[in-house]
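**Student:** With chain C fixed as given, assemble chain D onto it according to the hints.
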Amino acid sequence: ETGVTQTPRHLVMGMTNKKSLKCEQHLGHNAMYWYKQSAKKPLELMFVYNFKEQTENNSVPSRFSPECPNSSHLFLHLHTLQPEDSALYLCASSQDFLAGFTYNEQFFGPGTRLTVL
Amino acid sequence: AQSVTQLGSHVSVSEGALVLLRCNYSSSVPPYLFWYVQYPNQGLQLLLKYTTGATLVKGINGFEAEFKKSETSFHLTKPSAHMSDAAEYFCAVSGTGGFKTIFGAGTRLFVKA
Chain C
1 ETGVTQTPRH
11 LVMGMTNKKS
21 LKCEQHLGHN
31 AMYWYKQSAK
41 KPLELMFVYN
51 FKEQTENNSV
61 PSRFSPECPN
71 SSHLFLHLHT
81 LQPEDSALYL
91 CASSQDFLAG
101 FTYNEQFFGP
111 GTRLTVL
Chain D
1 AQSVTQLGSH
11 VSVSEGALVL
21 LRCNYSSSVP
31 PYLFWYVQYP
41 NQGLQLLLKY
51 TTGATLVKGI
61 NGFEAEFKKS
71 ETSFHLTKPS
81 AHMSDAAEYF
91 CAVSGTGGFK
101 TIFGAGTRLF
111 VKA
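If you read the sequences in order, they're chains C and D.
Going by this note's numbering, the first sequence wraps up at 117, each residue one higher than the last.
Going by this note's numbering, the second sequence wraps up at 113, each residue one higher than the last.
Bound-form chain C, shown alone (with noise of 0.2 Å):
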């Protein structure tokens, strides 16, 4: 595998239920991002990692929970979801700050589209 990846592709669940997203990069990278693309609405980030510990989290619902085991993997999930929360569900990484790199060039993976019924 190489670049960003994204498991599952695609997630249909309802509103009680309970699912994970899963994030992962051979890029080498130190730094993950969540984010929300919903329709007509611009690029919403969500959550930041760095160097697997949280450095942002953007106002977002505690029905999304995020995970960094390690800077290589990235979790999101997911409980009581609302149907407004049907979007695509973007990964993303980039070199870490400490790398002397101080702008962020990231990396996205394909992304999830969830859709909650």
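If you're looking for bench data, these hints aren't it; they were derived computationally from the structure.
Quick caveat: nothing in here was measured; it's all calculated off a predicted structure.
Certain hints may be false.
What the hints assert, rightly or not - For the chain D half of the interface with chain C, some residues (derived, Cβ under 10 Å), not all of them:
(1) S9
(2) Y25
(3) S28
(4) F34
(5) K100
(6) T101
(7) A105
(8) G106
(9) F110
(10) K112
Where a beta carbon is used, it is the ideal one built from N, C-alpha and C, also for glycine.
**Tutor:** What follows is chain D alone, placed relative to chain C:
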């Protein structure tokens, strides 16, 4: 604070015509600017980036963009559109030392035969 405005949510051009996608930014620090492309059912892919140095930046697939500080713009151009260029394009701005990249709302490019 930083922000990005992409003028036009949809742009339609004929095959072979010039592509011009507009992006204006606001930044309180020297900006780093990016253009990403998203094809259907895929994630975003970096087209090109400006960090420092030459203000005319060349990217993949024949695209280029020019950083104009006086106009706070970073418009994306391609001399001759191809059908395969049909996609959504996102302009983004970042800054020194920060992890938060701000994305524009996107411009969907249609290419007519």
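**Student:** Against each hint, give a clear statement of whether it holds in the structure.
**Tutor:** Here's how the hints hold up against the structure:
1. S9: holds (8 Å)
2. Y25: violated (14 Å)
3. S28: violated (15 Å)
4. F34: holds (7 Å)
5. K100: holds (7 Å)
6. T101: holds (6 Å)
7. A105: Since the shortest Cβ distance to chain C is 5 Å, the answer is holds.
8. G106: Because about 7 Å separates D:G106 from the closest Cβ in chain C, which is inside the 10 Å limit, the hint holds.
9. F110: violated (16 Å)
10. K112: violated (23 Å)
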